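Enquirer: Sequence:
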Amino acid sequence: MADSVRHEIARDAVVLVAGTVLVLSTLWLPVPHRSEVTGAILVLGLLSAFSALWAMGSASRSSHWAHVVLGVVLATSPVVLAFPAGASAADYYALVGGVVIAAMGVLGVLTERRRVAVTV
Numbered sequence: 002m003a004d005s006v007r008h009e010i011a012r013d014a015v016v017l018v019a020g021t022v023l024v025l026s027t028l029w030l031p032v033p034h035r036s037e038v039t040g041a042i043l044v045l046g047l048l049s050a051f052s053a054l055w056a057m058g059s060a061s062r063s064s065h066w067a068h069v070v071l072g073v074v075l076a077t078s079p080v081v082l083a084f085p086a087g088a089s090a091a092d093y094y095a096l097v098g099g100v101v102i103a104a105m106g107v108l109g110v111l112t113e114r115r116r117v118a119v120t121v
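Numbering-wise (the numbering used here), the sequence shown opens with residue 2 and increments by one.
Hints were generated in silico from the structure; no laboratory data involved.
Label pairs and their computed distance ranges (CB to CB): (1) Ala86 to Arg115: 39 to 47 Å; (2) Ser59 to Gly87: 39 to 47 Å; (3) Leu47 to Ala90: 13 to 21 Å.
Values in this document were obtained by computation on a predicted structure and should not be read as measured data.
Beta carbons: idealized from backbone N, C-alpha and C, even for Gly.
Could you put the whole structure together from the sequences, leaning on the hints where they help?
Expert: Written out as structure tokens, the structure is:
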């Protein structure tokens, strides 16, 4: 297995773990009476985990861009969705998860561009 394929699978695995942690975090995040916060984190975590599985199962490199977009949406969700003041744990989960997912996507995009530039 080539080094680049290993790195790609490792990046996708990090996104899968981050998405899974986000989904599982909805079980213990203290956001009473604010189901939209829990729902947003749940849906974005599921989308991240599924996009990681999709990336692992296909040769499509558009998954890098999907990770970037999902990560940015997740990281900005506390501001965009106006999470309530008492939901700082949810804010941190969304922010950190989003940054990790977006970073893996950016690394994938940069690696792909470098690979294309070298082969041309």
